[in-house]
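Peer 1: For reference, the chains in residue letters:
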Amino acid sequence: SQQGEEDPQALSIQEGENATMNCSYKTSINNLQWYRQNSGRGLVHLILIRSNEREKHSGRLRVTLDTSKKSSSLLITASRAADTASYFCATAGGNTPLVFGKGTRLSVIA
Amino acid sequence: DAGITQSPRHKVTETGTPVTLRCHQTENHRYMYWYRQDPGHGLRLIHYSYGVKDTDKGEVSDGYSVSRSKTEDFLLTLESATSSQTSVYFCAIRLGSDGDYGYTFGSGTRLTVV
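As they're listed, the protein sequences go chains A and B.
Number 110 marks the last residue of the first sequence (my numbering); no jumps.
Number 1114 marks the last residue of the second sequence (my numbering); no jumps.
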């Protein structure tokens, strides 16, 4: 069963706007990761945040983690049409395999 | 994706036939994984490997077997394909053995069982 659940399932915004996606999970984790998947392609690793971190930045990406609420958010600032993709959160506990959520489909309209 | 290739990219097979998918890596990573992706389900783990001849089951392992006789190759076999195994299959490698690392995914194999 899925550990992470993304919200919303789908999101449509205009180019230049910010996009926020949320992820909730159920059990304790070592880290939480976000991936992007373009249509017909494999997943690409975007960013990893450890359980003892609260916020992390990478370019236009900002990830937050609240372990007390078992939730994370991914913010993409100044969205571009090229950001159109599905975004997945995945949780890791020790050496156990990543468990993925069902994803958020982001459409950025030019 | 760099360092990991899946073959074939597409396959159509008949119900009841065995099918083997191959994942090949060039970077000597210890951990390798097979996931399937279906609409409404996201990615679900089938099997994974933590070394040569060391494998374990995932969430949806029924009807699948795996083998890893060398570090670079991880094979997924559908012993007798069924229509419910029509899916996109992704192989992944973990970029490190200890600590916090992300995965690199292959481009996927689209399998259709008719």
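It is possible that part of the hints are untrue.
[Said to hold, decoys possible] PhoX-like mimics (lysine-lysine), calculated; alpha carbons at most 25 Å apart, straight line:
1) K102/A to K69/A
2) K70/A to K56/A
3) K1057/B to K26/A
4) K26/A to K102/A
5) K26/A to K56/A
6) K1057/B to K102/A
The hints are simulated quantities; they were obtained by calculation from the structure and are not laboratory data.
Peer 1: None of the hints should be skipped; say for each whether it holds.
Peer 2: Structure-based check of all given hints:
1. With a CA separation close to 19 Å, the supplied pair K102/A and K69/A stays within the 25 Å bound.
2. Distance restraint check for K70/A and K56/A: the Cα-Cα separation of roughly 16 Å lies within the 25 Å cut-off, and the hinted pair is therefore satisfied.
3. At most 25 Å may separate the alpha-carbon atoms for a hinted pair to count; K1057/B and K26/A meet this at roughly 21 Å.
4. The straight-line distance between the Cα atoms of K26/A and K102/A is roughly 14 Å, inside the 25 Å bound, and the hint therefore holds.
5. Proposed proximity of K26/A and K56/A is supported: the alpha carbons are some 21 Å apart, at most 25 Å.
6. Only pairs whose Cα atoms come within 25 Å are accepted, and K1057/B paired with K102/A is accepted, the gap being roughly 20 Å.
In this structure, every one of the numbered hints holds.
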